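Using the sequences provided together with the hints, build the complete structure.
These protein sequence lines are chains A and B, in that order.
The numbering of the first sequence is our numbering, which starts it at 1 and goes up by one.
The numbering of the second sequence is our numbering, which starts it at 1001 and goes up by one.
Hints in this document: simulated from the structure, not taken from any laboratory.
As the structure is a computational prediction, the values presented were derived from the model and not from experiment.
Some hints could be false.
[Said to hold, decoys possible] Residues from chain B shown here face chain A by an in silico Cβ test under 7 Å; the list is partial: (1) TRP1007; (2) ALA1025; (3) ASN1026; (4) THR1043; (5) VAL1055; (6) THR1060; (7) TRP1061; (8) SER1129; (9) SER1154; (10) THR1156; (11) THR1160; (12) SER1164.
[Claimed, not checked] SDA-like mimics (lysine to any residue), calculated; alpha carbons at most 20 Å apart, straight line: (13) B:LYS1028 with A:ASN92; (14) B:LYS1070 with A:ASN92; (15) B:LYS1028 with A:ASP88; (16) A:LYS43 with A:PRO29; (17) B:LYS1070 with A:VAL94; (18) B:LYS1070 with A:GLN89; (19) B:LYS1070 with A:VAL93; (20) B:LYS1028 with A:GLY91; (21) B:LYS1070 with A:SER95.
[Said to hold, decoys possible] Derived contacts from chain A toward chain B, CB cut-off under 8 Å, selection only: (22) LEU37; (23) ARG79; (24) SER85; (25) LEU120.
Ideal Cβ positions, reconstructed from N, Cα and C, are used throughout, including at glycine.
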Amino acid sequence: MATPYDTSVEATYADGFVLSETELNDVSPYDAGRNVLNAILEKHPEAEHGRMVQFSVFYRGKRYDIDWTTLPDNARPIRFRDGFSGIDQDGNVVSGWSGMRFGYQYNDPTGRNRQEVQEL
Amino acid sequence: MASTQTWSEFNGASAGTETTSRSEANWKNIDDSTTAYSSSPITAGNNSFTKYQAVKFAGTWNSLSALTYKVSTNAPGTGLSVVAAVVTSGSTPSTTASGDSAASTSGTSANFNSSSTPFGTGTSSSTASGTMYANAYRTQLQTTGSAAPGDISSVTITATWTES
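Next up, the structure:
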């Protein structure tokens, strides 16, 4: 298995299927013009592989997991990464990630927004 | 893969000629992307030609938002100041003072414009993967007679954004 890209996501489904941003070079197998997070958000794998059971992100050598079986059906994963690209007079172009946030969001039966996001 | 970024420079009439994948960003006394800065130095008391640059995104993403441009310093030495603005149209670069304010060191908001040009109003977020130009960033190095001869301290121009 390839070393996960920094800030990448991975989703595991009920039948054991894993959708990995790193393995797919962040191209959705369901829509080549979109990324893997979009495939997860749109629930594309669930028709074939069942409900998502775990949502994971990788950042600076660590893996962070959310047990999705504890969340309601309308829960949506959150992953935002903060990017930068700099150019200078010395001929350097440096790009990367300076931080990320991940978690979930859903509306409870009363319609109230429920959200938990962790800053990494 | 996520998004990838390159820097483009725009020269000539209405800043309409693009040079892609730039790796240097020197202010000069000429409007082109080829002449070495040492061959067209800015003399003390004068301004550089205005420089139009834009960060260009490629690849895949779910969304891009919260784009800013900033500089590492807007006063890289005695008698030196860097002014800048996010622009929605291009003018032919010149040494006339641009009228822009001191370049922000904390970030000036910019939009995502289109797949073909950085010039336009754009929108604050993009869900269209593929190619996406951010608004262009116009900078100019302005000097006074007290500016010392020789190279200035390097200034980094940085674009920041949020991506999902």
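Status of the hints after comparison with the structure:
1. Against a cut-off of 7 Å between C-beta atoms, the interface hint on TRP1007 of chain B holds, since the closest Cβ of chain A lies about 5 Å away.
2. With a cut of 7 Å, the hint placing ALA1025 of chain B at the interface with chain A holds, because the nearest CB-to-CB distance is about 5 Å.
3. A distance limit of 7 Å between C-beta atoms decides the matter here; for ASN1026 of chain B the minimum to chain A is near 5 Å, and the interface restraint holds.
4. Interface restraint check for THR1043 of chain B: the shortest CB-CB distance to chain A comes to about 18 Å, outside 7 Å, so the restraint is violated.
5. A least Cβ separation of about 6 Å between VAL1055 of chain B and chain A falls short of the 7 Å threshold, and the interface hint therefore holds.
6. Hint status for THR1060 of chain B: holds, given a least beta-carbon distance of 4 Å to chain A, under 7 Å.
7. Interface hint at TRP1061 of chain B: satisfied, since its Cβ lies 5 Å from the closest Cβ of chain A, which is below the 7 Å cut-off.
8. Proximity of SER1129 of chain B to chain A holds as hinted, the smallest CB-CB distance being about 5 Å (cut-off 7 Å).
9. Below 7 Å, beta-carbon pairs count as interface contacts, and SER1154 of chain B has one with chain A at about 5 Å; its hint therefore holds.
10. This hint holds: THR1156 of chain B has a C-beta 4 Å from the nearest C-beta of chain A, less than the 7 Å allowed.
11. Contact between THR1160 of chain B and chain A, as hinted, is supported at the beta carbon level, the nearest pair being about 5 Å apart and thus within 7 Å.
12. Here the hint on SER1164 of chain B is kept, as its CB sits about 5 Å from the closest CB of chain A, short of 7 Å.
13. Distance restraint check for LYS1028 of chain B and ASN92 of chain A: the Cα-Cα separation of roughly 17 Å lies within the 20 Å cut-off, and the hinted pair is therefore satisfied.
14. Restraint check: the Cα-Cα separation between LYS1070 of chain B and ASN92 of chain A comes to about 16 Å, which is no more than 20 Å; the hinted pair holds.
15. Pair hint LYS1028 of chain B plus ASP88 of chain A holds up; C-alpha atoms about 14 Å apart against a cutoff of 20 Å.
16. A distance of roughly 12 Å separates the Cα atoms of LYS43 of chain A and PRO29 of chain A; the hinted pair therefore holds under the 20 Å criterion.
17. With a C-alpha separation of about 14 Å, the suggested pair LYS1070 of chain B and VAL94 of chain A falls inside the 20 Å cut-off, and the hint holds.
18. Only pairs whose Cα atoms come within 20 Å are accepted, and LYS1070 of chain B paired with GLN89 of chain A is accepted, the gap being roughly 15 Å.
19. Under the criterion of a C-alpha separation no larger than 20 Å, the hint pairing LYS1070 of chain B with VAL93 of chain A is consistent with the structure, at around 14 Å.
20. Pair hint LYS1028 of chain B plus GLY91 of chain A holds up; C-alpha atoms about 15 Å apart against a cutoff of 20 Å.
21. As the CA atoms of LYS1070 of chain B and SER95 of chain A are separated by approximately 14 Å, the hinted pair is consistent with the 20 Å bound.
22. Satisfaction of the interface hint for LEU37 of chain A is found here, the shortest Cβ-Cβ separation to chain B being roughly 5 Å, below the 8 Å cut-off.
23. Taken as an interface hint, ARG79 of chain A checks out: its beta carbon lies about 6 Å from the nearest beta carbon of chain B, inside 8 Å.
24. The closest approach between the C-beta of SER85 of chain A and any C-beta of chain B is roughly 4 Å, which is under the 8 Å cut-off, so the hint is satisfied.
25. Checking LEU120 of chain A against chain B by beta carbon gives a least distance of about 14 Å; that is not within 8 Å, so the hint is violated.
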